[in-house]
Each structure stands twice: as structure tokens, then as C-alpha cells.
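Participant: One-letter residues, chain by chain:
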Amino acid sequence: MDMYWEKFGRNPFTKTQQQQIRGTTFAIVGLGGTGGFIFENLLRAGAERFVLFDHDRFELSNFNRQLFCSDKTLDKPKVSSAIDHAKSVNKDVRIKTNGRFEKGSSLRGVDILLDGADNLPTKLTMARSARKEGIPYVFCAAGSVRGLVTVFTRYPFEKAFQVPTDTDDLGRYSVCATVLCPAASFAASIASSQALNLCVGKPVVRAPEAVFFDLFRKDFFWRSELG
Amino acid sequence: MTGFFVVEPCNSSGGFEIKLRDRKLDLARCGKAFESIGSMIGNTGIVLLAKVDGYSLSVYGSGRIMVKSVDKKKKPKKADIETLASKMMDAFVKEGALL
Chain A
1 MDMYWEKFGR NPFTKTQQQQ IRGTTFAIVG LGGTGGFIFE NLLRAGAERF VLFDHDRFEL
61 SNFNRQLFCS DKTLDKPKVS SAIDHAKSVN KDVRIKTNGR FEKGSSLRGV DILLDGADNL
121 PTKLTMARSA RKEGIPYVFC AAGSVRGLVT VFTRYPFEKA FQVPTDTDDL GRYSVCATVL
181 CPAASFAASI ASSQALNLCV GKPVVRAPEA VFFDLFRKDF FWRSELG
Chain B
1001 MTGFFVVEPC NSSGGFEIKL RDRKLDLARC GKAFESIGSM IGNTGIVLLA KVDGYSLSVY
1061 GSGRIMVKSV DKKKKPKKAD IETLASKMMD AFVKEGALL
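Top line first, the protein sequences correspond to chains A and B. Quick note on numbering: the numbering used here labels position 41 of the first sequence as 41, and the sequence is numbered without any gaps. Quick note on numbering: the numbering used here labels position 23 of the second sequence as 1023, and the sequence is numbered without any gaps.
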């Protein structure tokens, strides 16, 4: 029995918009701090088609911020833990799984690429792959209590983040992350809402403009230009 | 012994991850191995915590070992972690902990 509309009919979308969300294929790279919450938000919004990239397993240091990390999922692959959870929310969800996202990773059939990665080399590879495929790339990053979200459609990622020309040198930009859970979930909420806006034709924050936040500040979010 | 494993930096912890190639670990036997080369903190059956040579270890049955320096100011070097990994593998083999 199809209970889709009973489950997701209370979202603030028209039936046509909800169908658009249901029919869109979202790729998420990384199912950790931000990626897990992105996946959950899209799942609860009624998305049913996903392509997930993650090669990792849950470990003790993930407990502070990663949604699907628990005593039950410790040492289990993040992707399979996310799928088990998704099936309990919506049994009709269709998920393709992959390991690490790399240059040449297939984005065939993907409509929107979302960023749950924790390092600059992977983010750059994602941006270039999305540009090659002509699909939007929703950039999402969280560190400590701060974060940054934007949507790349045409503006070059390399220019936005002043990426060095020697990309072999990018390894040193890898993140050593201390991230508070609300920062990861807040960045993910902005990113997933931007993806939903893309689906239903609502405005999004496009690079070079970006949404920034710092949860320790009184005025905790603002918009500014990258690059 | 180096053919058993790879050592990779861990982005999120600032430490290193030792991954066994196509092998798993018997955590109970790993615990015995750590008695000879360091000290065991505890074993939940899913993860074993131990200390060896100033490093704090989280050992998983899937064959992953997360390594951090006990002294947070000291940043581990890959060559040191490879030496540590070889020492652990020798002890694991002796105890029959490699599956």
C-alpha cells in the first residue's frame, strides 16, 4: 500500500512540487556530520531517489555529531546504516551506493549533487564533476560552530575558494574537524533546503554569494561573497 | 608484516587510521596481545580501547585501528605509526588475533 501522501502530504508544497521532489535524484557525498543530516532532511521531505557515496565506517569519534552513529551502528559502514534507517522511514526509497567519491565517479542520472565531504580535494572533485555534468552542486561545510553553504551552478569553485593551481598540494587543506552537532545539522539544513528550492523552483543562494553562520554570535548568520 | 595493513591520515581526528587488508580482528585475542605490548583500557566487544607507546588506540573488529597521540600537542608521524602497526601485527599474529 502506498502511504506516500499520508506520510509526506504535510510538507509545505503543492502536489506538483512534492512530485518533483519525489522524482529528483539527489547524490550525497559523505554521510557523516553534515551528510547524514542532509540525507535525513531530504528523506523527510519525501525524496525517494538517492545516490550515496561513502567508504567509511562509524567510529567512536563520530558520536558527537553524526546522526546515524550509535552503539548499534558502531564499526558498521555508514552507507548501510543510512539505508537501514531510510527503509524504516520510507520503504520505497531507491538508493544506489558507492564508495569514495573520486574523479571519474559516475553522476549519471543525478539531478543535484550535495556535499557532505570533510576535505577540500573531494569538494573540488565534486565541483568539477557537477560542472562537467551540468548539474548544481550544493556546497556545505561546517567546522567548530561555524559553517558556509552556497550553490554552484556557473561560478567557478576554484575562483570562489582561491584553490591553488597545484591541486596536488590540496591534501594539506584537509580538515581536522572539531564540529558541534548543531553546526553540522544547521549547515545541513540550509544545504538541504537549498536543494529542495532547486527542485521546486524557489530562489537559492548562488556562488559567489554564500550563507555564513557562527553559532557563538548574537547575529549568527549572514550573507557575503566568496572569492 | 607491512603487507597486512595500510596507514592513512584521519581527517576528522588529526590522527591516523591503520586498515587491515582483507583481514578482521578477534578483539578478545587482541586484548591478550595488548597485555604484552601495552595496556588494555576496555573491550565492549565491538571496540577495544588500548594504549601502546604513548598512543591511544580504538580497535574495531572490522580491522580498523584509529590511532591518536596521548599527548595532544604531539602530532604523530606516518613512519612512527607504521612502526607501531608492525609491532601490533606481530603481537596479533602471536595471539592468533588476525582472522
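Bear in mind the hints are in silico, worked out from the structure with no lab data behind them. Note that CB positions come from ideal geometry on N, CA and C, so glycine has one too. Possibly wrong hints are sitting among the right ones.
[Stated by the list, open to error] With beta-carbon atoms standing in for the labels, derived distance ranges:
no., chain 1, residue 1, chain 2, residue 2, range
1, A, Asp219, B, Asn1043, 45 to 51 Å
2, A, Ser144, B, Asp1053, 26 to 32 Å
3, B, Val1006, A, Pro156, 49 to 55 Å
4, A, Lys132, B, Lys1094, 47 to 53 Å
5, A, Pro208, B, Lys1094, 37 to 43 Å
6, B, Ala1028, A, Phe216, 40 to 46 Å
7, B, Ala1028, A, Glu6, 44 to 50 Å
8, A, Tyr4, B, Ser1086, 43 to 49 Å
9, A, Met1, B, Lys1077, 57 to 63 Å
10, B, Ser1036, A, Lys7, 52 to 58 Å
11, A, Lys132, B, Asn1043, 43 to 49 Å
12, B, Lys1077, A, Glu6, 42 to 48 Å
13, B, Lys1094, A, Trp222, 57 to 63 Å
14, A, Glu102, B, Ser1086, 43 to 49 Å
Participant: Hint by hint, say whether it matches the structure.
Facilitator: Hints, one by one, checked against the model:
The hinted window of 45 to 51 Å between A:Asp219 and B:Asn1043 holds, with their beta carbons roughly 48 Å apart. At roughly 31 Å, the beta-carbon separation of A:Ser144 and B:Asp1053 lies within the given 26 to 32 Å, and the hint holds. Hint check: B:Val1006 to A:Pro156, Cβ distance near 34 Å, so the stated range 49 to 55 Å is violated. Between A:Lys132 and B:Lys1094, the C-beta spacing of about 51 Å keeps the proposed range 47 to 53 Å intact.
At about 59 Å, the CB distance of A:Pro208 to B:Lys1094 disagrees with the hint of 37 to 43 Å. Roughly 45 Å separates the CB atoms of B:Ala1028 and A:Phe216, a value that falls within the hinted 40 to 46 Å. Between B:Ala1028 and A:Glu6 the beta carbon distance is about 48 Å. The supplied range of 44 to 50 Å therefore holds. For A:Tyr4 paired with B:Ser1086, a C-beta distance near 55 Å fails the hint of 43 to 49 Å.
Between A:Met1 and B:Lys1077 the C-beta distance comes to about 59 Å, which sits within the given range of 57 to 63 Å. Between B:Ser1036 and A:Lys7 the beta carbon distance is about 55 Å. The supplied range of 52 to 58 Å therefore holds. Remark: the range hint 43 to 49 Å for A:Lys132 to B:Asn1043 is upheld by a beta-carbon distance near 48 Å. For the pair B:Lys1077 and A:Glu6, the supplied restraint of 42 to 48 Å is violated, since their beta-carbon distance comes to about 57 Å.
Distance hint check for B:Lys1094 and A:Trp222: the Cβ-Cβ separation is about 59 Å, which falls inside the suggested range of 57 to 63 Å. Between A:Glu102 and B:Ser1086, the C-beta spacing of about 29 Å breaks the proposed range 43 to 49 Å.
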